[in-house]
Amino acid sequence: MAAISLKQKPLVLAFVLYLSISATTSAFTSSAPSFPPSVNQPELLTYPTTLIASILSTLGFQELSSAAVDANLSTSTPITIFAPSDSSLLTCPSCSLPLLLQEHAVPGLYPNHFLRNLAFGTKLETLASEHCLTITSSAAQNVSTRVVFVNGVEISEPDLFNNGVFLIHGLRGFVSHLSPLSCNVERMTTLSFPQPWLHKSPLSSIMRLMLKDAIIRLRFGGYSIVSLALKVKFGELSELKSMTVFALDDISIFSGAGYAYLHHFRFHVVPNRRLMAADLLSLQAATTLPTMEIGQNLVVTAAGGGGQFSPVKINYVKVTTMDLLHNSRIVVHAVSTAFPRMHHHLSLTDGAAVEEAYRPPCDISLDGGFCEVAAPVPAGIRSTSDIIGRLDDRDGL
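Residue numbers for the sequence shown, in mature numbering (1 follows the signal peptide of the UniProt record, and there is no 0): -27 to -1, 1 to 370.
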């Protein structure tokens, strides 16, 4: 067999990582479990439809404002609206304003500086299902001077309004009604998503929007491989109520941790629980967290609260950045490496069987590695927290 050159290795690794995700997905999708929602499920904030109508009216977009209620925009998710002026809309008397508003709105927040940095021809799927807008920009060397276009229409008034829920850009004209084929070109490299779940509940619709938001933001935030993993597992993940993802950045994945992380990606997802930074810091040592791999739990091996000198550790791995990304259903935290597996063993104390930890080598292997860890000890049995404390201080984890 011919040797692989140094220049070919990154491409071969990327291909192997993608195949690993796809293979793992096919093994689990057909028997995806139904996870119970967390008792700590956050209440979803709902904004009245009249709020966005009022904002558009205040900004001078009277035509769009009058169509906001009929457009039935989802007001429980972040939305970016590319707003055409009243004078331009008057030139299209046959246009359906509610549909046009849906076609000019995309899930997620896209400030102008972010749009300038998108690849030329990037497609954004709109709130009108299976219809995409195409983002281009002028070829200025200085990114800060680039002019952004939406389907060829210039964004003349960028970042007119942004309150963290709604972001509005003013357009110099308007985009004509989109074709049902507008998302079909280079579909795997666009920001569009398959939608075979047309008869799902409103809650699953919200989760799909939140997944799209996370996928897009991770893709352009240095976590493109994790973004790809979420997209490959989109159908399975969209069935959850919420989730917490522990993510590795692209540099770490291509530095050697990629196989262990992607092959066991489901082991890094806590289903139906949105654990923000405050929630993680409140967890006690030896707390277990369920994952999407049935029967495989994560274990808090070091409680946080001590700042950078005492970070939260899960399966002995540091959580390096909390709340890296979050929306109403999903939170992503960065970790330093893939989680190793946690195994238990039984010992006898005063005639009772007790799960107890001992100090073996902590092996991080291509299969995700393994460590030994103590489980919570019943009342009256000798505590093993001192052993956990010693294990928490391992160098590098």
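Simulated from the structure, these hints should not be mistaken for lab results. Ideal Cβ placement from N, Cα and C applies to all residues, glycine included. Incorrect hints may have been included.
As the list claims (entries may be wrong) - Per label pair, the in silico range of CB-to-CB distance: (1) Ser61 to Ser283: 55 to 65 Å; (2) Leu72 to Asp252: 36 to 46 Å; (3) Leu24 to Ser283: 38 to 48 Å; (4) Val116 to Leu72: 32 to 42 Å; (5) Asp252 to Leu63: 48 to 58 Å; (6) Ser283 to Pro21: 35 to 45 Å; (7) Ser60 to Ala112: 26 to 36 Å; (8) Ser60 to Ser283: 53 to 63 Å; (9) Asp43 to Thr260: 44 to 54 Å; (10) Gln269 to Ser67: 49 to 59 Å; (11) Phe227 to Pro66: 51 to 61 Å.
**Report entry** Numbers of unmet hints, in rising order
**Finding:** none
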